[in-house]
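Asker: These two chains come separately, so use the hints to put the complex back together.
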Amino acid sequence: MNTDMTTFDERAERRWANGKTSWRSVDLGSVEVIPPGEGRTFVVQQTEIAVFRQRDGQLFAVDNHCPHRGGPLADGIVGGGTVICPLHARKFDLATGRCQGEEMPLRTYLVRVVNHRILLELP
Amino acid sequence: MTREQRERLVVIGNGMAGTRVVEEILQRDVHRFAITMFGAEPYGNYNRILLSNVLNGSQRSEEIFLNPLNWYSKKGIQLHAGVKALYIDRQRRVVVGQPMRTTAAAYGLDGCEQTAPRCEAPYDKVIIATGSRPFVPPIEGKEKTGVFQFRTIDDCDQIAAYAAQCRTAVVIGGGLLGLEAARGLLTHGVEVTVLEALPQLMAAQLDAEAAALLKEAMEQMGVQVLLEKVSTHIFGDGRVSGLQFADGSSFATDMVVISAGIRPIVEIATDSGLTVEKGIVCDDQMRTSDPNIFSVGECVQHRGVLYGLVDPIWEQAATLAEVITDRNPDAAYTGSKLATKLKVMGVQLASMGATKAMHPDDEVVVYREPSRGVYKKLVIRENTLIGAILLGETDTAGVLTQMFTLESALPERRADLLFGSSSGAPILSVFDLPDHAQICNCNGVSKGCIKEAIQVGKCKSVTQLGAHTKAGTGCGSCKSLMLQLLEVYAGEVVEDPSEHYYVPGMPLTKPELIAAIRAFSLKSVSAVFLTLANGKEDPGSKAGLASLLKSLWPHEYEDERDARFINDRVHANIQRDGTFSVIPRIYGGVTSAAELKKIAEVAEKYQAKMVKFTGGQRIDLLGFKKADLPAIWQELGMPSGHAYTKAFRTCKSCVGTDFCRYGLGDSIALSQKIERRFQGVESPHKMKLATAGCPRNCSEAYVKDLGAVAIEGGQWELYIGGAAGGSVRKGDLLCTVNTHEEVLTMMGRFMQYYRENGKYLERTYGFVERLGIDTLRDVLVRDTEGICARLDEEIAAAVAAYKDPWAEATAPVTAGQFSAPVEVQVREREAVHA
Ligand code: SRM
Ligand SMILES: Cc1cc2nc3c(=O)[nH]c(=O)nc-3n(C[C@H](O)[C@H](O)[C@H](O)COP(=O)(O)OP(=O)(O)OC[C@H]3O[C@@H](n4cnc5c(N)ncnc54)[C@H](O)[C@@H]3O)c2cc1C
Ligand code: SF4
Ligand code: FES
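Going down the list, the protein sequences come from chains A and B. First residue of the first sequence: 1, per my numbering; consecutive thereafter. First residue of the second sequence: 1, per my numbering; consecutive thereafter.
Derived by calculation from the structure, the hints in this document are not laboratory data. Take these hints with a grain of salt, some might be off.
Subject to a maximum C-alpha distance of 27 Å in a straight line, what follows is the list of computed DSS-like cross-link-like pairs (lysine-lysine) [what the hints assert, rightly or not]: (1) Lys536(B) / Lys91(A); (2) Lys479(B) / Lys91(A); (3) Lys91(A) / Lys598(B); (4) Lys91(A) / Lys625(B); (5) Lys605(B) / Lys91(A).
Chain B with its partners taken away, still in its complex shape (with noise of 0.2 Å):
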């Protein structure tokens, strides 16, 4: 069939809802219409939801189209861009239209170049897909230089130029749209301030306690909120300078944004003599009051309801798809449950439904954790859930909104609902899902294409899944799903293997992984990948790697320093903003003015942020510029703490026998003699030890990695495997020894076994617990193994070995090992390529 031939679709609007529906009928039947399309905006079309990413400047704007101009040549498509519809002359069977002025508001009421010449294109069959313009409020002064709104691509662009040359700025609304405007202005350097005139957040989607509760994360996140604040004037000389609010205060800004809701665009169906209400009324079929008119998106009004939500809208074009391709005549769109989630980087938040009980019989259940921010709630009713809100974790918000909107039936406990379920199990089973539910609600894929993914396409993991059908590669919260999904439809539940690899990126076990690098004499993290990975080198598992590496061969190992943690490349522990502490070794915790002294002198010179006493018994300057570590080391003279690396750390010490009346042994000679004997043994993990003079553990040494407790009798015990920090552990006995030499022997032999044979990352608690104290006790005491005096040379060897890393201070080991960020001068230069 030529184009002449076919029948002809106009489709007013060249947004999400008008594209979508295109693809959707070209899906059915590429020959059925010769197409012919209006978008007012002098674009493709774009994805208007990722605008926020375009605004907090984390995505460029070309990055978000979804049809590029070539997209509507290539499929035989008309597209009018950049020219808006005025009115459908059904007499006729034309839609007439008008290009725009180039900077007018795609959205506005007016706009049309007036001189332009009209054009027209007739139709069997229209298609309004108009969208929505944004609410302003009736403020004075709106029209002046530096109020925006924020709808399209332009207002992005403006908004971003504005916001360059101010220094404060304001969004009038506090529901999701303000919110993430109000994130993405943050990082155009301005200080924010969001205004809502209700006394809440996001009034619609959260009840008080959770907007309570998003107002405090916006605000940690730098966002200034004022609830209860109408705007009523917006004054300044010709820009923008500052706000006045109806209870007769005001505010100074430098910018405003105004988000504060949605209207949709319906002038054209009016001005067509179409029924308008509140939107373009639509019957189930998408079809408005003329039969050969149809509507779809946000201008719709379907069964006395507006959706602002692109879910909705793609159920809407693709029952519409169905009915005017005749594949389904009868196809009906139904209506929507809609459930949000706001994309405020930093801030997790998915609601549905109802915020609070409507019933009496309603149940409601609520989990508050405030000190991290977490506010969870259910509203039930029947047994079916009606509503819920998650803020600060929203790892079930998927199986919700599922349950939500299949109103299926809720499982007893309903903890399960909140934390997901206590036996593992999942809440809920997705055999019991219709094919067509959505399981992946940002791309739109549904049960049943997932299932046709797995058992024709043969996808076997949720990667494979997302390749092949977009599904979870949005916001990731109906991965589980898919997993299920996977063990459901793939057959047998496969576990995952790779919770025994020793290093994420390589599938072999620690034995596995040492036989390898044996076989191939492999020396170096870069060697390893090139022999057992195809040289394709993973991030995470170089540490690791370097760590087995070293164990593996003493002497020999080529330290590559990329494959170190920053904190081991620059001997220093990194802080939250990026500079570092340094934590210079005390012995036994006991220092001498002259070292107090050195030590406030570099603080001083260096500007440390704070100096504070750790809970290791020394002290901890803050906050140093990375540049400045070299001189900070030379100038305090003092050797490296190693408060910064998996090695041994300190080993804490009471006041032991010289002064305290209860000391049997003396703690601080030992404790001084362990520290300076293994400063600097590296090991799987850190290992913390302490030194008691007496059972009355001042030093905790029963819950450190290593303790050792004097006893009456001049004897000290052996503690093995303590812990207190995110474990708490008590230590095992390992052994009860007669002197302070026996000690150091006994706890140098524990630590190369640990070294030899703990896996990554596994602290003492966990390595003797797996184990088994009696097992330790056979080997290290009573060597069954027989090999005790191995173990004893080697920590020798490994002791002998000791380096103060600091001393790199004087021979930096990589260029620019602690260099300052480097400051580049820009100038102009033509294109190299050519």
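For reference, chain A alone in the conformation it holds in the complex (with noise of 0.2 Å):
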């Protein structure tokens, strides 16, 4: 469905114009096991991964681990492309990683909804 691509963002976009054509695409459900604003928890490949739905339809990810105290961000509170960690507060923006003040951006991943369902590229 072609509404559904428009997740399909400017960091994708950067990814193909570094010439990589292909990726592994893993499938982690329909969109609604995500509930509209907040994140879940996903393990690929023993890597737990935060997947993110904000209520603007946009999807993030990220590592689940807070660089700072391992806080799981999945169950943090999300909006305006970002997540405030669950333990010690620390903001990071969902598409870059980054953290003001912390000089240890979050790994993010491209995440996507196709045909209704959450498709996350491993990289």
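Answerer: Here you go:
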């Protein structure tokens, strides 16, 4: 479905520009598994990945472990393309993984919706 | 001018210094030179500083490039990437180079593909920027598989790949880089040990005391540190399996990273007949012993000093650009004073200059707070700062660095230098700084540059300045100076209005926000964002908005679960390891054998990591998995104790009249009535209560949000606004009443008033103090505003609406509300985008 492709955003474009033409996509299930505005944890190849579905429909995926003290980010509060860690409230930009004042960005993953299913790209 | 007509500049070394100087030259004069660069690494220029991040996995290597390959072609620079310059033929004025073997280390002594054809680049001027190579101490067996150095992207990749097959790793060298390497290795799942030959870590930057604290901090993080270990021998059959020390002991390990210092790469200068001592000798114009050959970066020896950090390199590059473009042939680099910062996640450390007094008249100021791992030290000579160490807390590092490099006079109160000024006035007046003073040391932004951004670029905030100049976007320690500059050069000092906002993300005070919510009839958090913030959600504001909306629309509020903090989504308290604690309600602290049995069974079955009596007279079951919560609640069959939320918490009680010889009133019965009535009532912050059977106050009722104390004559005193947490405050006496029923009424009335008028996250101790007990007595006891009846009704409605949140055990509200992480299988698949 074409409308679903809107979440195929500039991060993906950048990746394309770097010449990568295929990836491993992992099907995480129907979009409904994540309630609007919340995050859920998926374990892919032993790595915990937090996937968020913002109320505006945008999806984001980042490492579930906060680089500060390992807080579970999927349990954080999300909005405006950011997530706040539930343990000590550090705030991360979900598109870049960056956090104000922290040197260590989070690892981010590409994620999008195709045919109502959530697909995660593995680097 | 065509490329052929321009002067020919050849730059040897395509690292941070070489590329920076080219950028500086192009900024001054794009047409002056036809530029050719040699780079032994087969890449464009990247930010070597960030290799620490690449190693710890927080940045990908492709993210740290400063100048990707197409930058060179765009600028018309001919780059020989992966080609090493061998020597400079000063007779013929050509630089001779040869391609590297792809597997060779860029900084190795040889490594060229001997059979590959050499290339030549004719020159009028040459800049040597070959940097350094890691120093490898004379250790037998250092060529074994599994021994690494840490200097290039390739090193990083190799270390990471090898670590994947290792259980343990050793870093030889406890300096800045060694510690960063150790922290990076931790993230690859190996057990890491740092071996330092000296009796302390970071001997160049720290005194023994700071070094000992740093060692503790590293060990807490999981990095083992062994001091006074001189490695003599790496053993293993082809691959590393252990180390032998000079003291005869040994240590088993799967891999070794050597980080024992750096040595300048000078052979090209030596082979070309230039003057070389420890480094390539340069004058203040960065000129070598040949007037047409210059040098910058870590390979340089200037006034007898070699530098190993980027700050001085930026200064050298700027000077050289002035000189070589003839903008200012007399520009001079006169040396740098250095401050360093450790980039190890979780450790704050800044250090500059001397680490101890070196002269009998030197003044030393030290502050120690070992419990928090804080240590601060200043070394002062003739009222100027000649050295400083800040460990554990580096708030004043920015100002101290300025004072240190500018040698400015210090304030009389030395404490201001350690903790910031007590009066709030700036410690170092930015006025006094010359325009060339560097404000942002991470990005090399000067005061003049920031001034221009404010005056010409019309920047008004730290964020705008950051976007404009990059200042403050690195470690952030210069932000206080940026603020001062804004104050001075942007004219008036604007108070930050956000202090008065109800929530940070919406520029409205509480009354303004309430008015807007009512005007547009906004019933959900997302509706508020859509209408009042153009749909831009601010996660930091969600919980506050939810709390406000709920109190404004008790019946019509649309409860969106994503606006809640995790505790309030799963009705338990999140712990440091991501598990949850469960505290069932135990009314008045009185339990029974049957209840205790159920608790014990659940604790055992779901493997509570700890069972603990709380300070609130009930039992905490700690360390449960989120997914087990529904089953736990069902099996307990007890209601939630609300120990996780902003609501009525507990009512503690003493034993009271039933048993105590002093008891004047039945505190247990009262406290149970209170808990049954107010359980689950939400409020701006938590409310903790107690009842005491006499003024001996065994249940600490004087220091509770609400406390009832029995007095002679069967009466109850009602105290409000007490606190015994982070703030300690004795509650104020609101009134004295005769019966339990009256206590319940007055407590409910105060709670409702607090619910309506408290700020989000304002405890009653702040609230009572803000309004004053006299006002509260007027409103709540004398009913001067005529609202008491309404308050009583509203709280009764809130009480009636109580539902045990643990009932969601059988009826989850959102998909996967309590779900465990979902395991996903990976299979190969082609791109869907075509
Ligand atoms: C479990 C308990 C400690 C214990 O083992 O005894 C506890 C545990 C926590 N307290 Fe407490 N407090 C506990 C009694 C207290 C008390 C004593 C009391 O209630 O009689 C106080 C002082 C009274 C007070 O509240 O002022 C107390 C003052 C605090 C404070 C400081 C509040 C303040 O404004 O001064 C916080 C921090 C906060 O609320 O922001 C806090 C926050 C916390 C949190 C919830 C921290 C958090 O947000 O995760 C702790 C959860 C630990 C965990 O991982 O589960 N806890 N805490 C006690 C639970 C009581 C209960 O049965 O509900
Ligand atoms: C992991 C790490 C973390 C660091 N962290 C910090 C920090 O937090 N703060 C800080 O200020 N500094 C830090 N540094 C130091 C900083 O990176 C260096 O000071 C800086 O890179 C030096 O720049 P340079 O151009 O002189 O040398 P380099 O960046 O090493 O560049 C020299 C380049 O020249 C090439 N080369 C050498 N010989 C030849 C030849 N004959 N022909 C062609 N090419 C040649 C080399 O391969 C190299 O690419 C860190 C360094 C490392 C390794
Ligand atoms: S005092 Fe309270 S908040 Fe602090 S550690 Fe103990 S339980 Fe946690
Ligand atoms: S663990 Fe995430 S902010 Fe502390």
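Asker: Against this structure, judge whether each hint is valid.
Answerer: Each hint tested on the structure:
1. Lys536(B) / Lys91(A): With Cα atoms ~16 Å apart, Lys536(B) and Lys91(A) stay inside 27 Å; holds.
2. Lys479(B) / Lys91(A): 18 Å, holds
3. Lys91(A) / Lys598(B): Status violated; Cα separation ~40 Å.
4. Lys91(A) / Lys625(B): 25 Å, holds
5. Lys605(B) / Lys91(A): With Cα atoms ~36 Å apart, Lys605(B) and Lys91(A) exceed 27 Å; violated.
Of the numbered hints stated above, those contradicted by the structure are hints 3 and 5, listed in ascending order.
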